[in-house]
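Engineer: Sequence:
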Amino acid sequence: MHNCGRSNAALNALQESRDRHSDIGKSPDKLLLQGGEFSILSVTEIALAAVMMQTSSVLMTGAGNVEMHLKCALHFIKDLGYLCRPPDSIFSRTLVNRFAMVDVVHAHLRFRRPLASFDFFMYQEDEKLDHGDPAFREMHGCDQRVLCFLAEIAVLSADLLDGSTTHDLVQAKAYTLETEMRIWGHKYYNSMIRGASTSKTATQAPSSSPSSQPSPMSLSHISILDIVCECFYWTAQLLLLRRLFLDPTKSSRVQLVRRHLFQIMDKLEPGCGPDSSLPFPFYMAAREATTLAERDWVRRKHAAMMEVYRDRSREYMMEYTEKIWNNAAPVANSNASDDTLSWCTPREQYIRELDKQSTYFMF
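Position in the sequence shown counted from 1, then plus 579, gives you our numbering.
It is worth saying that the hints were derived from the structure and are not from the lab.
All values reported here derive from a predicted model rather than from experimental measurement.
No residue lacks a Cβ here, since even glycine has one placed at the ideal position from N, Cα and C.
Certain hints may be false.
Straight-line Cα separation of at most 20 Å, SDA-like style, residue types lysine to any residue; simulated pairs [to be verified]: (1) K902 with V887; (2) K846 with E901; (3) K935 with R893; (4) K707 with H746; (5) K829 with R893; (6) K650 with K846.
The following label-pair restraints were derived from C-beta to C-beta distances [what the hints assert, rightly or not]: (7) T870 with R891: 37 to 43 Å; (8) G850 with D658: 19 to 25 Å; (9) L871 with D705: 31 to 37 Å; (10) I801 with K650: 33 to 39 Å.
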């Protein structure tokens, strides 16, 4: 695993401090640098930081599998007692926030439960996490409540796939979850209505003409962050429909959410800042594109983002998106449907196996 020079220096300082002060050495989690100016990280926190930094290397290079890193990180988080309570230090809270986001996104990419148990404090609603330091919302472009929704969807989806819970019970829980999501996200529905009322046709892809794009100066950082957060909310709704209610790609509900996601993503100029968190919503929605125009828009948006964010994982995600499209029914002017209400069709099984066997990673 790669680590930074600061971590090495901290390790050296830790050893020196232990050698000089045997009484401090008995409590390695509460050590001070020489002079007592500030606390240094414990050995376990340093290891957690190194593991979580390595996930960034996997993201950028596309090399390796992040699964082992997550398992190691979870071991350290358990050892530090951070599953049931937030850490005290800002640095450790940053690491735990990052782990929670990566764990949930990776669970959806692999069709499995998050590694952390559902009683992990990050998967339980806590508004303070979006307003603390660091604010989860500002770090990841996703409200902490939406992270909870995504975690629950992943758990219920895994229950459905492995047969540990009956289909009827999963759908009953899904209806309850849908109600909670709609109540929490009610502020977003006027935006969807406005977007639907301005759409000329039901299958129209967003325009890519310069006049349709807001000026980079017309959107503040806060407005951009709000749009990215809304993208995560609608992605949770999309996954609820696809993975719990088992709606096929061509269902009117899936396409309504997919169109709205494309419309609000189209407002984001690549490189505007918070849009660096957009890949998960973008590629999840891209899979549901059905027409040539929609898929061409996805390709253009992907290319534009790659000009700014040149990580290999985006290339792999787009490659797999193309495979999913190619496996689907004819995309244009076709009345045939290979989808059914049951999620056991060859196409849906193909998507699951494609994701389960892949090594790409995105958050």
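Engineer: Would you pick out the hints that fail for this structure and give their numbers low to high?
Structural biologist: 1, 2, 4, 5, 6, 7, 8, 9
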